[in-house]
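So the sequences go chain by chain: A and B. Note that this note's numbering numbers the first sequence so that position 110 is 110, with each residue one more than the last. If you want this note's numbering, it's the 1-based position in the second sequence plus 1000.
Among the hints, a few may not be true.
[Stated by the list, open to error] Residues from chain B shown here face chain A by an in silico Cβ test under 8 Å; the list is partial:
id, residue
1, LEU1045
2, TYR1048
3, PRO1061
4, GLY1063
5, ALA1082
6, PRO1083
7, THR1086
8, PHE1090
9, GLN1107
10, PHE1109
11, PRO1111
12, LEU1115
13, LEU1118
These are computed hints drawn from the structure, not numbers from a lab. Where a beta carbon is used, it is the ideal one built from N, C-alpha and C, also for glycine.
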Amino acid sequence: AQSVTQLDSQVPVFEEAPVELRCNYSSSVSVYLFWYVQYPNQGLQLLLKYLSGSTLVKGINGFEAEFNKSQTSFHLRKPSVHISDTAEYFCAVSARGYNFNKFYFGSGTKLNVKP
Amino acid sequence: NAGVTQTPKFQVLKTGQSMTLQCAQDMNHNSMYWYRQDPGMGLRLIYYSASEGTTDKGEVPNGYNVSRLNKREFSLRLESAAPSQTSVYFCASSPRHRGGQPSQETQYFGPGTRLLVL
């Protein structure tokens, strides 16, 4: 099975500052990796995903993430955050090659952008 | 397209009562899922349906049952609600492209149902 660890439950940051949200995963097989965002009282929306190829993945709203196989990490970054980025962010993993995409989610990181 | 819709949005139950959470998607997706979200625990998979006519248990199936009524609809039933089932429930769906790798497909989420069991 797979598992995902998001060590930071909350990340406070000032507007226009850079931010990194950390995600580490564990898996005995190759994986696909995802970041989702959840705005208050809403469902989850896909930010970006890593399937194969370039380890640097760009997503919506200026976010990007880098897949590091040796460190089993998939950290999410944004060079300059906006108030509207305040939300909860979830990292997720699914096993490559399986006949069904069972996702495993991390516990989430709440990003609080302050003016 | 409405995407994934869930009803009701909110529900309060007493211990022992039963209820069914409804989910429907209009994206012609093959696979559907039910998750629960609890503070500090992220999303945990309750049940899933890889395709119409099949259902399987996820990580936390105890106390729940599901029905894949047709390709569009996937309901979650609590037969005898318990306070431990107080949570936010999300339904999701994903496509299964011909020749594609299912495990890379994005899941699309509904807005959630907030359930309080007293």
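Which of the numbered hints above does this structure break?
Numbers 3, 4, 5, 6, 7, 12, 13 - these are the hints that the structure violates, sorted from lowest upward.
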